[in-house]
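Engineer: Sequence:
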Amino acid sequence: MKPEGFQEYSTFTIDPHDAKDFDDALSLTRLKNATGKLEVHIADVTHYVSGKTLIEEEASERATSVYLGHRVVPMLPERLSNFICSLRPREEKLCFSAVLK
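Heads up: the sequence shown begins at 97 in my numbering, then just goes up one per residue.
By construction, these hints were calculated from the structure, which means they are not laboratory data. Possibly wrong hints are sitting among the right ones.
Under the rule of at most 30 angstroms between Cα atoms (straight-line distance), these lysine-lysine pairs were calculated in the DSBU-like manner [stated by the list, open to error]:
1) Lys148 <-> Lys197
2) Lys189 <-> Lys116
3) Lys128 <-> Lys189
4) Lys116 <-> Lys128
5) Lys197 <-> Lys128
6) Lys189 <-> Lys133
7) Lys197 <-> Lys133
8) Lys148 <-> Lys189
No experiment lies behind these values; they were computed from the predicted model shown.
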C-alpha cells in the first residue's frame, strides 16, 4: 500500500552501464507551470558502515572506487558496494537526497 500523496516516478542511475555499485541516481518530475523538480540521490553508506571500524578506516583512505580499464578497486568490500549499499532497481535503499525545484 502506498502512502497518501505518494507519487510514483522514475529514477535513473548516473553510473556507467557496466558499473556494479550504483551509488548515484537522479529523478525528474514535471511540475505545474512548466517547472520541474530534480532529485539527486546518493547511497547512504554511513548507515551500513559505522565509524571507528577497519572498513571505515580503509574506505576513508581510498576515498572512492577506482576504475582501471576492465577492473575496479572498490572503496568498500564488494558485498557492501555492489549489493547492500547499491541503489539497485526495485530495491528499497537508504540514501541522501537533494531536491531542487
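Engineer: Are the hints correct? Go through all of them and say.
Structural biologist: Results of checking the hints against the structure:
At roughly 37 angstroms between alpha-carbon atoms, Lys148 and Lys197 are farther apart than 30 angstroms, so this suggested pair is violated. Proposed proximity of Lys189 and Lys116 is supported: the alpha carbons are some 15 angstroms apart, at most 30 angstroms. As the CA atoms of Lys128 and Lys189 are separated by approximately 29 angstroms, the hinted pair is consistent with the 30 angstroms bound. For the hint linking Lys116 to Lys128, the alpha-carbon distance of about 36 angstroms lies beyond 30 angstroms, and the restraint is violated.
For a cut-off of 30 angstroms, the pair hint linking Lys197 to Lys128 stands: about 11 angstroms separates their Cα positions. Between Lys189 and Lys133 the alpha-carbon distance is near 21 angstroms, which keeps this suggested pair within the 30 angstroms criterion. For a cut-off of 30 angstroms, the pair hint linking Lys197 to Lys133 stands: about 4 angstroms separates their Cα positions. Only pairs whose Cα atoms come within 30 angstroms are accepted, and Lys148 paired with Lys189 is accepted, the gap being roughly 23 angstroms.
The structure fails to meet hints 1 and 4 from the earlier list, while all remaining hints are met.
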